[in-house]
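Peer 1: Residue-level listing of the chains:
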Amino acid sequence: GAVVSQHPSRVICKSGTSVKIECRSLDFQATTMFWYRQFPKQSLMLMATSNEGSKATYEQGVEKDKFLINHASLTLSTLTVTSAHPEDSSFYICSAHRGSNYGYTFGSGTRLTVV
Amino acid sequence: QQQVKQSPQSLIVQKGGISIINCAYENTAFDYFPWYQQFPGKGPALLIAIRPDVSEKKEGRFTISFNKSAKQFSLHIMDSQPGDSATYFCAASRSDTDKLIFGTGTRLQVFP
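Protein sequence lines, in the order shown, are assigned to chains U and L.
Just so you know, the first sequence maps onto residues 1 to 115 in the numbering used here.
Just so you know, the second sequence maps onto residues 116 to 227 in the numbering used here.
Hints were generated in silico from the structure; no laboratory data involved.
Be a bit skeptical, because a hint or two may be false.
[As the list claims (entries may be wrong)] In silico DSSO-like links for lysine-lysine, alpha-carbon gap of 27 Å or less: (1) L:Lys214 to L:Lys173; (2) L:Lys173 to U:Lys64; (3) U:Lys41 to L:Lys130; (4) L:Lys120 to U:Lys55; (5) U:Lys64 to L:Lys157; (6) L:Lys157 to L:Lys183; (7) L:Lys120 to U:Lys41; (8) L:Lys214 to U:Lys66; (9) U:Lys14 to L:Lys173; (10) U:Lys20 to L:Lys157; (11) U:Lys55 to L:Lys130; (12) U:Lys66 to L:Lys157.
[What the hints assert, rightly or not] Label-pair ranges, simulated between beta-carbon atoms: (13) U:Gly99 to L:Gln224: 35 to 43 Å; (14) L:Thr143 to U:Cys13: 39 to 47 Å; (15) U:Glu52 to L:Lys130: 13 to 21 Å; (16) U:Ser73 to L:Pro227: 29 to 37 Å; (17) U:Pro40 to L:His191: 26 to 34 Å; (18) U:His85 to L:Lys186: 21 to 29 Å; (19) U:Gly1 to L:Pro197: 37 to 45 Å; (20) L:Val169 to U:Tyr102: 15 to 23 Å; (21) U:Thr31 to L:Glu171: 26 to 34 Å; (22) L:Ser122 to U:Pro8: 43 to 51 Å.
Only a predicted model underlies this, so the values are computations on that prediction, with no experimental measurement involved.
Even glycine gets a Cβ: it sits at the ideal position worked out from N, Cα and C.
Work the whole structure out from these sequences, hints included.
Peer 2: Structure below.
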C-alpha cells in the first residue's frame, strides 16, 4: 500500500532556530502534498498545499515566510519552520495525494517542541 | 462553507456496542468523504471513505451512511472493541482543489 515517511518524529529546538521536516512518498508519486498542524486535543488544520515544482499555496493566516515549503520532486516535500518560537510547538503532519481515485496518505507526524 | 461539523466531541461505549459519530457539511462541491482514526502521537489512518453517488458503504465493522440531501454522513462502528479507543475524524474534499478539510474530532473510549 501507499506509504508516506515523515522525519523526524520528534524534534526539540531552541527558540530562534530553524527546523526542517521531511515528507517522502515511498512507493508512489504524489501529485500534491499537504501540510497540517495539530494542537493537543484539536483537529488537523490545513497549513498549505504544495505541488511539485511550484510554489506552495498557504491557507489564510499561515505565515509563508515562517513556514517554508519546498516540493522539489514528486516524492519529497519539506516544511521548514524558521525562527521557531514556543508558540510554534505543535504536531505537524504531512499528507500525500496522487489523484482523486487514490485518496490521501498521511505521514506519522512530527512533534516539534521549541524551548 | 468549508467547515465540517462533527459530533459528539466524546463518546463512551461498552465493548460490543455500536459507536455512532455524525458529521455535517455545507459545501455541496465536496465529493469525497473519508473517516480517519488517530492514535496519540500518530498520523491519521484511513478507515473508510465514500463518494456521494452511494448512500452506504460497509467495510468489516465500519459502515458509512451518507445522506446527500441532508448533507450529513455518519460512521457506525459495530461490535466496538477496546482497541477501537482512539480519536476519529471525518473529513471532506472536493476534486477541483483536493484540499481535505477535517471535522473537529470525536474521542471514542470503549470499555471492557
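Peer 1: Check the structure against each numbered hint from earlier and tell me which ones fail, lowest number first.
Peer 2: 2, 4, 6, 9, 11, 15, 16, 18, 19, 22
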